[in-house]
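Order-wise, the sequence lines are chains A and B.
Sequential numbering of the first sequence, starting at 1, is according to the numbering used here.
Sequential numbering of the second sequence, starting at 1001, is according to the numbering used here.
Everything labelled a hint here was simulated from the structure, so no lab data went into it.
Please note that the accuracy of each hint is not assured.
Lysine-lysine pairs mimicking BS3-like chemistry, simulated, CA-CA at most 30 Å apart [as the list claims (entries may be wrong)]:
1. B:K1206 with A:K400
2. B:K1026 with A:K400
3. B:K1013 with A:K400
So the derived label-pair ranges between C-beta atoms look like this [said to hold, decoys possible]:
4. B:G1115 with A:N270: 39 to 47 Å
5. B:D1082 with A:I392: 16 to 24 Å
6. B:G1147 with A:R13: 18 to 26 Å
7. A:L385 with B:E1218: 49 to 57 Å
8. B:E1059 with A:L293: 19 to 27 Å
9. A:I392 with B:F1014: 23 to 31 Å
10. B:D1082 with A:I326: 31 to 39 Å
11. B:D1219 with A:R13: 42 to 50 Å
12. B:Q1114 with A:A336: 42 to 50 Å
13. B:G1115 with A:F347: 53 to 61 Å
14. A:I392 with B:M1208: 36 to 44 Å
15. B:S1043 with A:L293: 23 to 31 Å
16. A:L19 with B:M1208: 49 to 57 Å
C-beta: ideal position from N, C-alpha, C; glycine also.
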Amino acid sequence: MLTLRIAFRNILRQKRRSLLTGLSMTGGYMLFVFAYSLLEGSYGNIIDIFTLDNTGHIQVHKEDYLDKPKIYKSVQDRATVESTLSDHPKVKSFTPRVFSPALAYGTDKTAPSRVIGVDTETEPTVSRLREKVSEGNYFSTAPDADGYYEAMIGHGLATSLKIGVADEIVLISQGADGSIANDIFVVAAIIGNRTSFDRMAVYLPLATAQEFLAMGGDVHEYAMLIDHRDNSRRVADELAGFLPDLTVSPWEEVQATFYRTMQSDRQGNNFMMGLIVFIVFIGVLNTVLMSVLERTREFGVLRAIGARPASLIRLITLETSILATISVLLGMVLIAPMVYWLSQVGFLVPEPIDMGGIEFQHMKGEFSLQVFLTPMMFMLVTAILISIPPGIRAARILPKEAMGAH
Amino acid sequence: MTNVIETKNLLRKFGSDETEIIALNKVSVEIEKGEFTAIIGPSGSGKTTLLHLIGGLDEPDDGSVFLSGANIAEMSGNELSDFRRDHIGFIFQAYNLIPVLSAQENIEYIMLLQGVPAAERKSRVGDMLNLVGLEGLGDRRPAHLSGGQQQRVAVARAMASQPDIILADEPTANLDSKTGIALLDVMRELNEKQNMTFVFSTHDQKIMDRATRLIHLEDGAIEKDERK
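One chain only, chain A, in its complex shape (with noise of 0.2 Å):
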C-alpha cells in the first residue's frame, strides 16, 4: 500500500508533465482502439459475404472431396449427418449441395459451367443465394407445364449464352454411374452479376440435380452456420468426432486462399498499430528516464537504506502501469461512444461496395470486448516493458555516488 502510495506521489510530483504523459497514451490507445474496430469490423464483413455468399461457416464433405472433387465422392448416409447437425446446439442451420461440371447451351452458344444443386427450402437459411436474384423468381422445384424443371443461372452464362429468364438451356454432362447426362431447363432466374463467384453456375434444385446426375440420394457437400463464425474451428472439430467417416472443414479451410490473405493483411495491420503505439511509447519512454534522472538520489538513498534493486525496477513499472492504466481507462471511456456509432451507423461509402453481387454501403467497425481489452492489454504490456530499462538504470544507481548527485 506504502509503495502504492509512493508511486501514485510521484506521478502527481510532475503534474504537467504526467498530464501531457497520460494525454499520449490516452491519444495512442484512442487511436487503436478506432481502428482494430474498424479493421475487425471490416474483416467481419468480408468474413460474412464469403460465408453467407456461399461456403457457410463449416461444411462437411466425403474425404478429400474439398481438395479433389469427384462426382462419386459423395456422403451417402445422410441420415445420420442431418440428425448430427440437427442435434448440435451450435448449428443453426445446414443444407445440403450437389455439385458437377457441365456443358451448357443457349441458343447457338455453348459455355462451361458449373452445376449446383441445392435444397431450395434450406439453402436460402445458409446462404443469400434468395437475395442474389437480380432477375427473374427464385426457383421452384416442380416442373412448368412442359415437363421442364427450373434452373437459375449465373450473370456470367446468360451473358455468355445470351439467355434470359423463361428462356430454355441444355445441359450435358457425366452422371455418378458414368452415363451422359443432358437435359433441358427452363431459366427461372439470373443470379448475382459479372463479379458473382458462381457467375458461371447453374443452380438446380436438389432433387432435379441428384436425377440428373445419377446421384440417387446422395450429396456432395452439407453447409452449414453456427451461432457465430469464431467458433467455426471448435464446432467443427466437435462434428468431426460424431462423423468420423467424413471431414469437417471450417471456412478458415475452405477458404484457405482467402484466411491466409486476411491474416497477413491483419499481420500488417497489427505491425502499423504496433508502429502507432511505440512511437506513443518514445515518449513514454523519454518521461520515466527524465524521472528517473531527477530522483538519482533518492534511489541512492532507497538502495543505501536497503532497497533491493528489483524492488526499484518495480517501483518505476508501478509508476509507469499505473499512469497507463488511468490514461487507458480514459481513453476507452472516450472512444467507446465512438467505436460504438462506428458498429451501429458506420461509415457510409460515396458509391456501395459490390461484393460478388451483394452491395454494401456502410464500413461498419467491431464493438466488442476484444476490440476495447486487446489494445488495453497491449499497452500495459508496453508500458511495463518499456518501464523496465529506466527500471534498471535506477537499480544500478550506486548509493555512494547518488549521494553526490543534486
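Fit chain B to the supplied structure of chain A, relying on the hints for placement.
Chain B alone, transformed into the frame defined by chain A:
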C-alpha cells in the same frame, strides 16, 4: 565486549596513475557494541570514505570489513542490500528523506522493506516519533519540516529497522548549534539506553565532546585512537 565492526587493512584509492589518491591506507579498526565513536580529521582525511566502506556503500580496493562477524565483501548485491536494511542505519548530512513521503511514511518505509507487518510498523513509527520528539508532526512532508526536524526523522528512520550500528555522516553539519545539540542529546540517550552503536564522521566539536571514542584520521591513516 563484542566487536560489531572490524576492518582489516582497508585500502581505497581514487583516480589512476598521476591523479591517484589514496583515500584510505591499510586502515584497521575495531568498534565494540555500544560505542559512541567519532571519526575525526581534516577534510580529505578519509572519514566519509571509511564510513561508506563500513556501511557497504563502497567497495575497498583491498582489505575487508566485518559487520557483526559477517564479511560484507563476500555478499552478493541482494545480500548486501538486505544486510544494510537489517543491520545498519544511515544518517546523512543532507537528511536525504524521500520528499513524497510524510515523516511517518519515511520511517515506515524501511520496515516495509523488512516485511514488518502493518500494525507493528504503525506502532513502531509512533514510538520512534516520540523518541525523537516529533509527536504530532508525523503527517508532514520533509518540505514542511525544519532542518533539525528532518534530521530527527532521519534518526528515527535509521533507528526504525532496529539495526546493530548507526552510521552518521556529518549529521549536524547543516544544523544550527542549538538544534545540533538537541539532536546529539537524542542520539546519546539512545546510545546509553538501548546500547546502540553509533559511528560518526565529523568536524563538529559537540559530537567530539559527547563521543566515548575518537578515531583521528590523517591522510587516510589512523593517527590516533583514544577512548575516553
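Hint by hint, which ones does this structure get wrong, listed from lowest number up? none
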